[in-house]
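Line by line, the protein sequences give chains A and B. The letter at position 211 of the first sequence is residue 218 when you use this note's numbering, and the numbering goes up by one with no holes. The letter at position 64 of the second sequence is residue 71 when you use this note's numbering, and the numbering goes up by one with no holes.
Calculated from the structure, these hints are not laboratory results. A couple of the hints might just be wrong.
If chains are identical, the list can't say which one is meant, so a pair holds when it fits in one copy or spans any two.
[Said to hold, decoys possible] In silico BS3-like pairs for lysine-lysine, Cα to Cα no more than 25 Å straight-line:
| no. | residue 1 | residue 2 |
| --- | --- | --- |
| 1 | K65 | K352 |
| 2 | K363 | K146 |
| 3 | K314 | K352 |
| 4 | K308 | K146 |
| 5 | K237 | K310 |
| 6 | K314 | K51 |
| 7 | K11 | K51 |
| 8 | K322 | K351 |
| 9 | K262 | K287 |
Spelled out from the first residue to the last, the chains are:
2 protein chains.
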Amino acid sequence: MRRKVNFNAGPAALPHEVLEHASDAVLAYDNSGLSILEIPHRGKEYDAINEESRQLVKELCGLDDDYEVLWMHGGGRLQFCMVPMNFMSQQDSAGYIVSGHWAEEAFEYATHYGNAQILATSREDNYNHLPIWPTNISKELAYVHYTSNNTIYGTQMKETPECNVPLICDMSSDIFSLERDYSKYSMFYAVAQKNLGAAGATLAVIHKDLLQHSRRTLPPMLSYRAHAEKDSVLNTPPIYAVYTALLMLRWTKAKGIQAIEKENTEKAKLLYNELERNSKFKLTVTRKQDRSMMNICFTTKYKRDEKLFLDFCTKRNITGITGHRLAGAFRVSLYNAVQLSHVKKLVQVMQEFEGKPTV
Amino acid sequence: MRRKVNFNAGPAALPHEVLEHASDAVLAYDNSGLSILEIPHRGKEYDAINEESRQLVKELCGLDDDYEVLWMHGGGRLQFCMVPMNFMSQQDSAGYIVSGHWAEEAFEYATHYGNAQILATSREDNYNHLPIWPTNISKELAYVHYTSNNTIYGTQMKETPECNVPLICDMSSDIFSLERDYSKYSMFYAVAQKNLGAAGATLAVIHKDLLQHSRRTLPPMLSYRAHAEKDSVLNTPPIYAVYTALLMLRWTKAKGIQAIEKENTEKAKLLYNELERNSKFKLTVTRKQDRSMMNICFTTKYKRDEKLFLDFCTKRNITGITGHRLAGAFRVSLYNAVQLSHVKKLVQVMQEFEGKPTV
């Protein structure tokens with residue numbers, strides 16, 4: 008079976024060389040005489056994976072030892088629980104910027120653990136633009152949480168906003184996709200299955216000052232501080248997911264984030280330009296400056312073209328372009344590992360489709 | 008590098024055919040045109056993996072549709088949190104049988120969420136035998152929790168105890184290792200990295216009656232009911248860990264649990280017999296009927312032999328026999344995938360070691 012051109016929103020495309028290493032390791036890992044699936048989590052092999060991966064995250068983010076890098080289980084939603092559990096008490100307030108579905112869900116989860124407040128939202132416009140960042144943030148807030156990129160609606164906050172209380176960001180869908188001043192954050196986190204590797208691990212990077220302000224007595228598994236005290240091996244970690252993340256981190260370092268950003272900009276520009284030009288399609292994000300470089304959402308101008316275009320792409324070996332059920336129509340995800348040549352192919356297919364008569 | 012003879016306690020040895028399939032899938036999964044690491048979690052490929060694996064668990068356990076089978080993130084410790092969160096309120100009491108380190112940790116986690124009580128323990132004897140199962144369990148308890156096999160201390164409760172309130176069991180280290188009446192449990196759970204597959208997924212099987220008695224309003228990620236309502240795909244699951252579990256479930260079904268139990272009994276008997284006979288070693292579990300078939304714990308009679316024997320084994324390509332730091336000395340894990348021939352080899356090495364003079 009020929010490999011497909013994959014624009015899935017996550018789990019997403021991975022580089023071929025990463026897949027080759029990841030496949031080999033399952034048969035025999037390094038010189039361990041074991042499969043990567045069989046190595047113990049308290050042995051020298053995993054120690055090295057854990058150490059190198061956490062150092063690489065710091066290096067790529069330009070962070071020093073003031074930050075703890077943790078590999079967590081449970082996907083983004085466990086972070087939606089753990090952030091308020093750890094950093095606000097039942098009496099505290101925290102601010103949430105609700106710019107999309109995941110931001111909204113993070114907010115809803117937080118309401119279980121204290122007084123979570125929506126500071127800004129674009130929900131009334133079905134998230135087709137970013138909300139205006141608030142200027143009058145109360146110093147009493149335990150933290151402000153936002154989502155840098157909205158996979159479902161295709162908007163992205165590329166600049167780091169100003170914030171006078173600890174700033175926490177869900178970077179699940181755009182981490183390492185562009186240069187960013189990571190030192191402005193008290194915490195950021197990202198699920199692995201987009202720019203970082205395979206589903207099953209979640210990265211959490213936390214400033215030690217924030218860690219010291221843990222607000223509740225929690226069982227260790229739900230306490231960031233407990234995970235940090237155990238160097239991110241509190242319990243058996245999702246070893247294989249962390250290993251594939253390490254392979255992606257090495258790949259990211261070899262390319263360099265500056266070069267990755269340049270290529271991501273080129274990929275996105277190519278597709279946005281075509282979507283503006285092509286008479287059959289329509290972009291859904293209303294403000295040009297809010298457009299995501301990672302997830303490009305659009306519809307066909309005529310509803311009847313929707314299924315036709317999907318079939319047209321399927322026949323040409325292109326997969327993963329269906330929009331999220333909440334947004335519908337189309338979404339093309341251009342994560343770091345998606346090749347420029349694949350975007351060119353899609354643009355060519357769109358042009359070919361434009362030439363077809365609409366039935 | 009030659010494959011090692013692997014007696015690790017978990018992550019543990021996997022069958023070669025499982026590793027081959029698991030490795031191939033990373034390059035190309037089935038006819039998807041994608042790697043298993045790239046398939047979407049809401050597509051036909053993962054639907055099939057999720058469905059087949061959950062059906063196989065029911066089939067192997069002889070359970071009907073009264074039970075929900077869930078793939079969870081987060082290892083055993085997240086279950087230590089979720090069991091009390093879901094099934095006891097802050098006003099409820101629940102009983103814990105504390106027969107080893109993990110049982111004790113499950114109890115400690117539960118104290119955060121209500122009145123957890125120790126009903127029986129052998130802690131005062133450093134867990135070198137099983138505690139006596141209590142006969143006077145109060146009907147007021149929300150549930151009783153126990154651990155069927157103690158990996159660290161090498162004891163195992165092979166029979167299912169009688170219980171007049173919902174019975175919840177951590178079967179992480181002996182699920183599918185022997186025939187068991189699973190219908191006597193309101194819930195059981197098991198981490199994947201022993202008899203079930205690779206680290207990163209945890210199986211939770213819950214009777215629908217218990218599910219209906221959820222005690223708290225929880226954010227969906229921490230609610231078993233919410234996971235069940237979404238057919239175990241509430242969020243992006245640890246796809247690869249579930250897939251390797253599916254491969255192990257197929258392998259388990261092909262062998263049959265009856266045959267697996269027979270072989271496990273033979274493996275354990277071989278090693279226990281040698282440990283009773285061999286003048287250099289000493290078993291640590293005091294009651295013969297409490298001995299585990301999964302984890303066999305022993306010391307050398309003379310402390311000075313400890314390092315000698317470890318080196319002796321290392322030179323003979325045997326790995327994973329060091330005891331847990333809490334118990335020390337040696338632990339040999341004989342999970343389902345450990346071959347009889349490997350146990351024979353270990354016994355032979357022990358006999359060879361016996362012939363050596365103690366320095």
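Hint check results:
1. Proximity of K65 to K352 under the C-alpha cut-off of 25 Å is found in neither arrangement, the shortest distances being 35 Å within a copy and 45 Å between copies.
2. For the homomeric pair K363 and K146, neither the shortest alpha-carbon distance inside one copy (58 Å) nor that between copies (72 Å) is at most 25 Å.
3. Taking identical chains as interchangeable, the C-alpha atoms of K314 and K352 lie at most 25 Å apart only when both belong to the same chain, with a minimum of 19 Å there against 62 Å between chains.
4. Taking identical chains as interchangeable, the C-alpha atoms of K308 and K146 are never at most 25 Å apart, the minima being 46 Å within one chain and 65 Å between chains.
5. Neither within a single protomer nor between protomers do K237 and K310 lie at most 25 Å apart by alpha-carbon distance, with minima of 54 Å and 30 Å respectively.
6. In the homo-oligomer, the alpha carbons of K314 and K51 lie at most 25 Å apart only across protomers (18 Å), although the nearest pairing inside one protomer, at 52 Å, exceeds that limit.
7. Taking the closest pair of Cα atoms, K11 and K51 come within 25 Å of each other only across two copies (16 Å); inside a single copy the shortest separation is 37 Å, beyond that limit.
8. In this assembly of identical chains, the alpha carbons of K322 and K351 lie at most 25 Å apart only when taken from the same copy (17 Å versus 56 Å across copies).
9. When the C-alpha separation of K262 and K287 is checked against a cutoff of 25 Å, the pair qualifies neither within a copy, at 35 Å, nor between copies, at 56 Å.
In this structure, the earlier hints numbered 1, 2, 4, 5 and 9 are contradicted, and the remaining ones agree with it.
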